[in-house]
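In case you want the letters, here they are:
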Amino acid sequence: MKYLQEICPVLKKKRLTAAAYDVTVAAPQMAALAKTGQFAQIRCEGFSLRRPISICDMDPQKGTLRFVFEVRGEGTAWMATVEEGETLDILGPLGRGFEITDGAKRAVFVGGGIGTPPLLSGARVYGKNATVILGFRTADAVILADDFEKAGARVMLSTDDGTAGHPGMVTDLLLERLGQGPCDVIYACGPKPMLKAVAGLALERGIPCKVSLEERMACGVGACLGCACKTKTPKGGERYAQVCKNGPVFDAKEVVW
Amino acid sequence: MADLRVNLCGVELKNPVIGASGTFGYGREYNEFFPVSRMGGVSCKGTTLEERMGNPPPRVAETPAGMLNAVGLQNPGVKRFILEGIPWLKKQGTAVIANVAGSSVDDYREIVEILSDTDVDMIEVNISCPNVKAGGVQFGTTCAGAQEVTRAVRGVSRKPLMIKLTPNVTDIAEIAAAVEAEGADCVSLINTLLGMRIDIHTRRPVLHNNTGGLSGPAVLPVAVRMVWQVASRVKIPVVGMGGIAKWQDAVEMMLAGASAVQIGAANFTDPFTPVKVLEGLEQYLDDNGIERVGDIVGKVKPW
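Residue numbers (our numbering), protein chains in the order written: chain A, 1 to 257; chain B, 1 to 303.
Note that these hints are calculated values from the structure, not bench results. For each residue, glycine too, the CB sits at the ideal point set by N, CA and C. A few of these clues could be false.
Selected chain B positions facing chain A (in silico; Cβ < 10 Å) [to be verified]:
(1) A65
(2) V71
(3) K79
(4) N267
(5) G280
(6) Y284
Restricting the straight-line Cα-Cα distance to at most 20 Å, the calculated cross-link-like pairs of lysine to any residue (SDA-like) are [stated by the list, open to error]:
(7) K235(A) / V275(B)
(8) K35(A) / E32(B)
(9) K2(A) / W88(B)
(10) K2(A) / K235(B)
(11) K14(A) / E84(A)
(12) K232(A) / G103(A)
(13) K192(A) / K235(A)
(14) K276(B) / G103(A)
(15) K253(A) / T101(A)
(16) K2(A) / P56(B)
(17) K235(B) / V300(B)
(18) K230(A) / E182(B)
(19) K235(B) / G289(B)
(20) K150(A) / L203(A)
(21) K13(A) / G85(A)
(22) K230(A) / R52(B)
(23) K232(A) / P56(B)
(24) K232(A) / R52(B)
(25) K235(A) / P302(B)
(26) K14(A) / F47(A)
(27) K232(A) / W88(B)
(28) K128(A) / D89(A)
(29) K276(B) / D89(A)
(30) K192(A) / G179(A)
(31) K232(A) / V275(B)
(32) K230(A) / K276(B)
(33) K245(A) / K276(B)
(34) K105(A) / K192(A)
(35) K196(A) / D3(B)
(36) K105(A) / R124(A)
Example chain A residues on the side facing chain B (calculated, C-beta under 7 Å, incomplete) [unchecked claim]:
(37) L49
(38) G181
(39) C183
(40) V221
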């Protein structure tokens with residue numbers, strides 16, 4: 001796997017919610033290689049550690065990558081200050097993404113909050129065969145619902161406070177969807193408790209389930225072992241896998257929750 | 001063009017820039033950015049006799065001008081290091097430095113004995129890992145402990161030995177002198193400084209291990225000071241590390257007395273740091289009419 005570093009001009013920047021930003025950069029080499037569910041390490045001026053941000057979308061023809069990120073701390077706060085015409089120093093594409101096997105299958109995508117972006121390019125492959133279940137805290141925090149609809153997917157929305165869509169959890173909607181018809185595969189990204197619940201439902205029904213995890217990261221390429229996720233070994237033991245290199249996407253059965 | 005070669009206790013390095021243990025894996029990942037043959041050497045991820053899982057996450061945290069880590073010596077054990085780590089790296093044309101840790105003197109003796117029969121060029125003995133209960137730092141913080149480990153490994157090693165020292169002591173030069181007296185071929189310093197960060201909202205330490213090792217630009221002045229103190233005290237070569245992020249930092253470290261340097265946390269900020277340091281160092285030597293990189297070692301002019 002070849003890793004690339006590009007100094008990427010910001011072509012488009014939009015604030016989506018109070019905390020979330022939508023940034024498209026020119027990154028011709030990385031855009032040609034990027035796969036659904038991979039991420040990039042973005043350098044933040046004045047900080048030692050790059051910030052791992054999932055790739056929301058890629059356009060190999062235009063040579064662009066799209067990132068949707070939320071301001072969570074000082075690094076992402078700096079990223080939010082970078083304007084159109086300025087540049088970002090980006091390493092990527094990194095990690096093992098979602099295996100998007102067959103668009104003819106019926107896929108369910110489950111995204112929680114800022115875990116939603118890396119699912120977009122995958123949902124597009126499945127188009128009308130994709131059901132996208134999105135969960136947010138409140139109506140004002142909803143992101144990308146329109147983009148998923150444009151990708152041809154059926155979108156089911158939930159919010160914790162009931163201000164948009166179903167009042168409650170994504171797992172309510174997942175159960176509803178699974179009750180309506182067959183599902184061949186589930187892809188999920190979001191907070192760990194959500195992933196655990198989704199993985200549990202998938203496991204009970206024998207549906208293959210892939211989850212994208214996040215962890216504090218340093219090198220981003222598997223050299224420092226700074227990002228760890230406990231997984232099961234083939235021999236029945238446990239080990240720490242590296243989220244950056246072995247993931248960020250894992251088979252839900254592999255993860256020790 | 002200046003001569004960048006360095007002879008480090010009998011091992012010829014093509015240049016003085018070494019990837020620091022724990023930040024550079026076994027070299028493979030960074031070889032995807034640039035050929036690791038550019039490096040003078042690679043100090044491999046710390047190896048123990050048996051496989052170690054490492055600490056639960058989170059293992060890393062940002063700090064002002066640096067980072068904390070508490071990886072906890074995750075490694076596949078010495079057998080797999082020999083099978084999976086050494087052969088590939090040895091073929092790349094860079095000096096291969098094994099880095100070893102143990103929880104007892106016997107561990108250190110056994111692992112050094114095993115590695116003496118391999119193709120590694122040198123063994124770095126880590127008596128300074130702050131992140132595991134039995135990662136050697138209990139030996140590294142006293143002269144007696146440091147001497148005991150050095151004596152044990154000296155007795156069995158057929159490779160040059162580099163003892164890696166912890167800065168979490170009152171007088172690091174005293175420890176360096178103690179390991180020199182037991183036959184260490186060189187010393188490397190500094191390992192990380194013990195630190196801690198707390199999430200003010202959850203009131204939890206950011207690292208699951210509660211404490212971790214501080215590295216990055218924040219520690220550079222501490223490292224330069226310690227390298228200077230140690231180089232002034234011992235006759236064996238000193239390998240300097242701690243916060244080197246640009247070529248000027250490497251020059252500073254060498255002026256303080258380092259014969260070679262290791263680059264660690266800066267690889268995370270910019271994976272091309274070693275290459276940039278090398279290019280800058282070479283330019284500095286040429287601009288100043290210095291023929292050999294060794295000519296700047298220890299050439300600080302203290303007031």
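Going down the list of hints, with the structure as the test:
This hint holds: A65(B) has a C-beta 7 Å from the nearest C-beta of chain A, less than the 10 Å allowed. Because the closest C-beta pair between V71(B) and chain A is about 5 Å apart, less than 10 Å, the hint holds. Interface hint status for K79(B): violated, as the beta-carbon distance to the closest one in chain A is roughly 16 Å, over 10 Å. The beta carbon of N267(B) is positioned within 10 Å of a beta carbon in chain A (closest approach about 7 Å), and the interface hint is therefore held.
Interface hint at G280(B): violated, since its Cβ lies 18 Å from the closest Cβ of chain A, which is beyond the 10 Å cut-off. Because the closest C-beta pair between Y284(B) and chain A is about 24 Å apart, greater than 10 Å, the hint is violated. Taken as a hint, the K235(A) and V275(B) pair is broken in the structure, with Cα atoms around 41 Å apart against an allowance of 20 Å. Restraint check: the Cα-Cα separation between K35(A) and E32(B) comes to about 18 Å, which is no more than 20 Å; the hinted pair holds.
Under the criterion of a C-alpha separation no larger than 20 Å, the hint pairing K2(A) with W88(B) is consistent with the structure, at around 17 Å. Between K2(A) and K235(B), the direct Cα distance comes to roughly 43 Å. Violation of the 20 Å bound is thereby established for this hinted pair. The hinted pair formed by K14(A) and E84(A) meets the criterion: a straight-line CA distance of about 9 Å does not exceed 20 Å. Distance restraint check for K232(A) and G103(A): the Cα-Cα separation of roughly 29 Å exceeds the 20 Å cut-off, and the hinted pair is therefore not satisfied.
For a cut-off of 20 Å, the pair hint linking K192(A) to K235(A) is broken: about 25 Å separates their Cα positions. For the proposed pair K276(B) and G103(A), the alpha carbon gap of about 45 Å is over 20 Å, so the pair is violated. For the hint linking K253(A) to T101(A), the alpha-carbon distance of about 18 Å falls within 20 Å, and the restraint holds. A C-alpha spacing of about 29 Å is found between K2(A) and P56(B), which places the hinted pair above 20 Å, so the restraint is violated.
Distance check on the hinted pair: K235(B) and V300(B) sit about 16 Å apart at the alpha-carbon level, within 20 Å; holds. Straight-line distance between C-alpha atoms of K230(A) and E182(B) comes to about 41 Å, which puts the hinted pair past the 20 Å bound. Note on K235(B) and G289(B): the hinted pairing is violated, with a Cα-Cα distance of about 27 Å set against a maximum of 20 Å. The hinted pair formed by K150(A) and L203(A) fails the criterion: a straight-line CA distance of about 30 Å is larger than 20 Å.
Restraint check for K13(A) and G85(A): the C-alpha separation of about 10 Å stays at or below 20 Å, so the hint holds. For a cut-off of 20 Å, the pair hint linking K230(A) to R52(B) stands: about 13 Å separates their Cα positions. Taking the CA atoms of K232(A) and P56(B), the gap is near 15 Å; set against the 20 Å cutoff, the hint holds. Note on K232(A) and R52(B): the hinted pairing holds, with a Cα-Cα distance of about 15 Å set against a maximum of 20 Å.
Restraint check for K235(A) and P302(B): the C-alpha separation of about 60 Å exceeds 20 Å, so the hint is violated. Taking the CA atoms of K14(A) and F47(A), the gap is about 24 Å. The hint is violated against a cut of 20 Å. Taking the CA atoms of K232(A) and W88(B), the gap is near 27 Å; set against the 20 Å cutoff, the hint is violated. In summary, the hint linking K128(A) to D89(A) is not supported, as the alpha carbons are separated by about 36 Å, beyond the 20 Å threshold.
With a C-alpha separation of about 16 Å, the suggested pairing of K276(B) with D89(A) holds against the 20 Å cut-off. For the hint linking K192(A) to G179(A), the alpha-carbon distance of about 24 Å lies beyond 20 Å, and the restraint is violated. Between the alpha carbons of K232(A) and V275(B) the distance comes to roughly 38 Å, so the proposed pair goes past 20 Å and is violated. For the given pair, K230(A) sits about 36 Å from K276(B) by alpha-carbon distance, which is inconsistent with the 20 Å threshold.
Taken as a hint, the K245(A) and K276(B) pair is broken in the structure, with Cα atoms around 25 Å apart against an allowance of 20 Å. Under the criterion of a C-alpha separation no larger than 20 Å, the hint pairing K105(A) with K192(A) is inconsistent with the structure, at around 26 Å. The suggested pairing of K196(A) with D3(B) is violated, with an alpha-carbon distance near 57 Å, which exceeds 20 Å. A distance of roughly 13 Å separates the Cα atoms of K105(A) and R124(A); the hinted pair therefore holds under the 20 Å criterion.
For the restraint placing L49(A) at the interface with chain B, the shortest Cβ-Cβ distance is roughly 5 Å, inside the 7 Å limit, so the hint holds. Using the Cβ-Cβ criterion of 7 Å, the hint placing G181(A) at the interface with chain B is not satisfied: the shortest such distance is roughly 38 Å. The restraint placing C183(A) at the interface with chain B is violated, with a minimum CB-CB distance near 31 Å, outside the 7 Å limit. For V221(A), the interface hint holds, since its Cβ comes within 7 Å of a Cβ in chain B; the closest pair sits about 4 Å apart.
Going down the numbered hints, you'll see the structure goes against 3, 5, 6, 7, 10, 12, 13, 14, 16, 18, 19, 20, 25, 26, 27, 28, 30, 31, 32, 33, 34, 35, 38 and 39, while the others check out.
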